[in-house]
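Novice: Here are the chains, one letter per residue:
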Amino acid sequence: MKIMDFLSKKAILPDLRMSKKEDVIKELVDSLVSAGDIEKSNRVRLIEALMERESLGSTAIGQGIAIPHAKSDCVSKLVGAFGLSKKGVDFDSLDGEPVYIFFLLVAPHDSAGSHLKALARISRLFRDKYFRDSLRGCEDDKGITRIISQEDEKF
Amino acid sequence: MTKVAKQIVVQKKEGLHARPAALFVQIANKFDAKITVKRDADEVNGKSIMGILMLGAEKGSVIIIEAEGKDAQQAIKELEKIVESE
Numbered sequence: 001m002k003i004m005d006f007l008s009k010k011a012i013l014p015d016l017r018m019s020k021k022e023d024v025i026k027e028l029v030d031s032l033v034s035a036g037d038i039e040k041s042n043r044v045r046l047i048e049a050l051m052e053r054e055s056l057g058s059t060a061i062g063q064g065i066a067i068p069h070a071k072s073d074c075v076s077k078l079v080g081a082f083g084l085s086k087k088g089v090d091f092d093s094l095d096g097e098p099v100y101i102f103f104l105l106v107a108p109h110d111s112a113g114s115h116l117k118a119l120a121r122i123s124r125l126f127r128d129k130y131f132r133d134s135l136r137g138c139e140d141d142k143g144i145t146r147i148i149s150q151e152d153e154k155f
Numbered sequence: 001m002t003k004v005a006k007q008i009v010v011q012k013k014e015g016l017h018a019r020p021a022a023l024f025v026q027i028a029n030k031f032d033a034k035i036t037v038k039r040d041a042d043e044v045n046g047k048s049i050m051g052i053l054m055l056g057a058e059k060g061s062v063i064i065i066e067a068e069g070k071d072a073q074q075a076i077k078e079l080e081k082i083v084e085s086e
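Sequences listed follow chains H and P, in order.
Numbering-wise, the working numbering puts 153 at position 153 of the first sequence, and it's gapless, one number per residue.
Numbering-wise, the working numbering puts 3 at position 3 of the second sequence, and it's gapless, one number per residue.
So that you can see chain P by itself, here it is in the shape it has in the complex:
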């Protein structure tokens, strides 16, 4: 099983607030891979809006996205676009 992890700096001006979180989860749910997002000591399900919001990831914060499954590579590629866009 492919497992991919990527560390990303949040570039969104207002951080991962409700709308980007919803978009992130929408994209994450397209994939079979298990998706986990980490920030400091918190680790949440990347397919849950509440999980992503809980991280309170503001601009400049560092998160790690992990994907595990056969489409993991593609999942990370699409998800990092959301976090890195402004």
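This is chain H alone, in the form it adopts within the complex:
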């Protein structure tokens, strides 16, 4: 599975405006709504599901990365949004560090397998510091798409 298979190209935010956990999640969900991946009528329900998942334990997995995720019947296949924060967001990460890179995932209820594969794929790419740093240096969505696609092709 490649990241570009599920990342919505129109839901890539190079400069997140918000700085609080719930606000960043809303900002990312809104990008999926604008991209047409999520119906506007499902917006609130999806945000609630994502926040509920956060309450079970932060999805900030270290190295400045968070992968907020939820299962929801408002999608028929796995879809993801991407965002960069220049100043960093306190996301209650286990290592106590702020989060700069966000990858939000929404999966249908029956997708345990593809969800796990997506998490694995994201982790495989993002554990490379050079890759993370190049992404953080991106100024626009095209640059982000280019760097992720290049990395995606490597393995």
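Keep in mind the hints are simulated off the structure, nothing from the lab.
You may find that some hints are simply not true.
Unchecked claim - Below are the DSS-like pairs computed for lysine-lysine, each with C-alpha atoms no more than 27 Å apart in a straight line:
# : chain 1 : residue 1 : chain 2 : residue 2
1 : H       : K2        : H       : K129
2 : P       : K12       : H       : K117
3 : P       : K30       : H       : K129
Unchecked claim - For each label pair, taking beta carbons as the anchor points, the in silico distance ranges come out as:
#  : chain 1 : residue 1 : chain 2 : residue 2 : range
4  : H       : R45       : P       : N45       : 34 to 40 Å
5  : H       : E48       : P       : D42       : 32 to 38 Å
6  : P       : N29       : H       : I147      : 44 to 50 Å
7  : P       : E43       : H       : T145      : 27 to 33 Å
8  : H       : T145      : P       : K77       : 43 to 49 Å
9  : H       : E48       : P       : E86       : 25 to 31 Å
10 : H       : E153      : P       : S61       : 21 to 27 Å
What the hints assert, rightly or not - Here are some, though not all, of the chain H residues that point toward chain P, as calculated from beta-carbon distances under 7 Å:
#  : residue
11 : L16
12 : G57
13 : T59
14 : G62
15 : L116
16 : K117
17 : L119
18 : A120
19 : S123
20 : R124
21 : R127
Virtual Cβ for every residue (Gly too), placed ideally from N, Cα, C.
Dock chain P against chain H, hints included.
Specialist: Chain P in isolation, oriented as in the chain H frame:
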């Protein structure tokens, strides 16, 4: 230095997804022992969530946990519980 390795079949219904991975790492970090987890050709640091997630270990997959250090035995004992619980 004690070195212990154990092969385990993942029993979690949804595999080692984000929450069990976080729990695994939390437990692993209680120990001084160096902890490594292997699946096929991949070998990751057992104290990194990203490492564990990268393995994409679904239910039924086989992983090997290695611990090296004086508390290695106890580390393996606690870690295998997480992987083997459903």
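Novice: Could you run down the list of hints and mark each one as holding or not?
Specialist: The hints, checked one at a time:
1. About 19 Å separates the Cα atoms of H/K2 and H/K129, which keeps this hinted pair within 27 Å; it holds.
2. With a C-alpha separation of about 15 Å, the suggested pairing of P/K12 with H/K117 holds against the 27 Å cut-off.
3. The hinted pair formed by P/K30 and H/K129 meets the criterion: a straight-line CA distance of about 25 Å does not exceed 27 Å.
4. The beta-carbon spacing between H/R45 and P/N45, approximately 37 Å, falls within the hinted interval of 34 to 40 Å.
5. In this structure the supplied range 32 to 38 Å holds for H/E48 paired with P/D42, their Cβ-Cβ distance being about 35 Å.
6. As the Cβ distance of P/N29 to H/I147 is approximately 31 Å, the hint placing it in 44 to 50 Å is violated.
7. Between P/E43 and H/T145 the C-beta distance comes to about 31 Å, which sits within the given range of 27 to 33 Å.
8. Take H/T145 and P/K77: their Cβ atoms lie about 46 Å apart, and the range 43 to 49 Å holds.
9. Evaluation of the 25 to 31 Å hint for H/E48 and P/E86 yields a pass: the beta carbon distance comes to about 27 Å.
10. A hinted range of 21 to 27 Å for the beta carbons of H/E153 and P/S61 is consistent with their spacing of about 26 Å.
11. Here the hint on H/L16 is broken, as its CB sits about 21 Å from the closest CB of chain P, past 7 Å.
12. Taking 7 Å as the C-beta cut-off, the interface hint given for H/G57 holds, the closest approach to chain P being about 6 Å.
13. Annotation: H/T59 was flagged as interfacial toward chain P, and the flag holds, the nearest CB pair being 6 Å apart, inside 7 Å.
14. With 7 Å as the threshold, the beta carbon of H/G62 comes within range of chain P, its nearest partner Cβ sitting at about 6 Å, so the hint holds.
15. Of the supplied interface hints, the one on H/L116 holds, with its beta-carbon coming within about 5 Å of a beta-carbon of chain P, less than 7 Å.
16. Satisfaction of the interface hint for H/K117 is found here, the shortest Cβ-Cβ separation to chain P being roughly 6 Å, below the 7 Å cut-off.
17. A least Cβ separation of about 5 Å between H/L119 and chain P falls short of the 7 Å threshold, and the interface hint therefore holds.
18. Annotation: interface hint on H/A120 holds; nearest CB of chain P at approximately 3 Å, less than 7 Å.
19. Taking 7 Å as the C-beta cut-off, the interface hint given for H/S123 holds, the closest approach to chain P being about 4 Å.
20. The restraint placing H/R124 at the interface with chain P holds, with a minimum CB-CB distance near 5 Å, inside the 7 Å limit.
21. Hint on H/R127 holds. Least Cβ distance to chain P is approximately 5 Å, under the 7 Å limit.
The structure fails to meet hints 6 and 11 from the earlier list, while all remaining hints are met.
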